[in-house]
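These protein sequence lines map, in sequence, to chains A and B.
Position 33 (the first sequence) corresponds to 33 in the working numbering; numbering is contiguous.
To get the working numbering, take the position in the second sequence, counting from 1, and add 247.
To be clear, the hints were calculated from the coordinates, so they are not data collected in a lab.
One should not assume that every hint holds.
[Stated by the list, open to error] Computed beta-carbon distance windows for the label pairs:
{"hint": "1", "chain 1": "B", "residue 1": "290", "chain 2": "A", "residue 2": "211", "range": "36 to 46 angstroms"}
{"hint": "2", "chain 1": "A", "residue 1": "87", "chain 2": "B", "residue 2": "322", "range": "50 to 60 angstroms"}
{"hint": "3", "chain 1": "A", "residue 1": "5", "chain 2": "B", "residue 2": "335", "range": "42 to 52 angstroms"}
{"hint": "4", "chain 1": "B", "residue 1": "334", "chain 2": "A", "residue 2": "216", "range": "24 to 34 angstroms"}
{"hint": "5", "chain 1": "A", "residue 1": "83", "chain 2": "B", "residue 2": "299", "range": "40 to 50 angstroms"}
{"hint": "6", "chain 1": "B", "residue 1": "290", "chain 2": "A", "residue 2": "151", "range": "31 to 41 angstroms"}
{"hint": "7", "chain 1": "A", "residue 1": "114", "chain 2": "B", "residue 2": "252", "range": "14 to 24 angstroms"}
{"hint": "8", "chain 1": "A", "residue 1": "130", "chain 2": "B", "residue 2": "337", "range": "25 to 35 angstroms"}
As the structure is a prediction and not an experimental result, all values here were calculated from the model.
Each residue gets a CB set at the ideal place from its N, CA and C atoms; glycine is no exception.
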Amino acid sequence: PPERKRFYQNVSISQGEGGFEINLDHRKLKTPQGKLFAVPSEALAIAVATEWDSQKDTIKFYTMHLTTLCNTALDNPTQRNKTQLIRAAVKFLETDTVCYRVEEPPALAELQKNEWDPVVAWAEKRYNVAIGSSTSILGPNIPASTKETFVSHLASYNMWALQGIEYVITQLKSLILSMGLIDRHITVEKAVLLSRLEEEYQIRRWGNVEWAHDYDLCELRARAAAGTLFVHLCSESSTVKHKLLQD
Amino acid sequence: MAALGSPLQTFRGLLRELRHASGRPYRDTPAYQHIVATFRAHRVTSQKLCRAQQELHFQAATYLCLLRSVREHTALHQEYHGKGERSPEEVAGLVGFRLPQQPGGKG
Numbered sequence: 001p002p003e004r005k006r007f008y009q010n011v012s013i014s015q016g017e018g019g020f021e022i023n024l025d026h027r028k029l030k031t032p033q034g035k036l037f038a039v040p041s042e043a044l045a046i047a048v049a050t051e052w053d054s055q056k057d058t059i060k061f062y063t064m065h066l067t068t069l070c071n072t073a074l075d076n077p078t079q080r081n082k083t084q085l086i087r088a089a090v091k092f093l094e095t096d097t098v099c100y101r102v103e104e105p106p107a108l109a110e111l112q113k114n115e116w117d118p119v120v121a122w123a124e125k126r127y128n129v130a131i132g133s134s135t136s137i138l139g140p141n142i143p144a145s146t147k148e149t150f151v152s153h154l155a156s157y158n159m160w161a162l163q164g165i166e167y168v169i170t171q172l173k174s175l176i177l178s179m180g181l182i183d184r185h186i187t188v189e190k191a192v193l194l195s196r197l198e199e200e201y202q203i204r205r206w207g208n209v210e211w212a213h214d215y216d217l218c219e220l221r222a223r224a225a226a227g228t229l230f231v232h233l234c235s236e237s238s239t240v241k242h243k244l245l246q247d
Numbered sequence: 248m249a250a251l252g253s254p255l256q257t258f259r260g261l262l263r264e265l266r267h268a269s270g271r272p273y274r275d276t277p278a279y280q281h282i283v284a285t286f287r288a289h290r291v292t293s294q295k296l297c298r299a300q301q302e303l304h305f306q307a308a309t310y311l312c313l314l315r316s317v318r319e320h321t322a323l324h325q326e327y328h329g330k331g332e333r334s335p336e337e338v339a340g341l342v343g344f345r346l347p348q349q350p351g352g353k354g
């Protein structure tokens, strides 16, 4: 689809009844479904405004991850409630990247053990749960109590933050790596590296193809960074009291 | 807490990215002003950080990662996906081949 040209000169933020709004010249930004774009966090609004102000001749929506996340929170296009979001997030544990191990080739199996065991151990300790890992095609057998613990923990987040958490989990294909990020145990760069461990292993063996590998790497970093920042900004005590976040 | 490196480096990196991102003088932008104010108010550039400062540093480092990755991804997109239809020679070149040259006819 043809890209939309930048049609505005100035991007600014204002505070309205519903939250912080984005102004493109004199126009107020709206969501895809036509709602007024309003966010509960000033810092988040500033970062969204920066996305819009960074567009040069054409608007590259595929680079505007924070705007996209806010639109999803406001429109909720998949119409999921909190329980459904949490269930989707925790379900990922059954196919969590860091729990799914290979036996062949031995070098990759070793790499997975060295790189993934520590983060699984961290999650088990941090949340006082049993997770483990598996080489079975069925994946690890996650105890119900473990799932319950994560369900409880995620329930403490508001709806906006949950959208962000579920987004990060979908991108990284791992609940554990996502919690590592949310809990500030690992950086985005590290989380993405761990998520792409097998790709990185193949790249080291067979060489890098910039236009494919680096492209995917940068995109995943951008998305994971956006999701994590979104979660943190929507969970800050200064924003949590905002009425947009009252479920 | 994740291993983050020096807060000063993160701060400088952010300013650098904002300079790239903005069309107009980047010091006028809300983002620049917010970042400078935050770092100043919480003294996040000092070496020893308390927990709240560490959380702020993590947030700053995450935002830096976002800005940097978007810039790099956009550049790669422009380079490899933004050029429309490529000639057969260009496509061959992308994967390291050269088309055979046939004397007197189409290459």
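Violating hint indices (sorted, rising): 2, 3, 5 and 8
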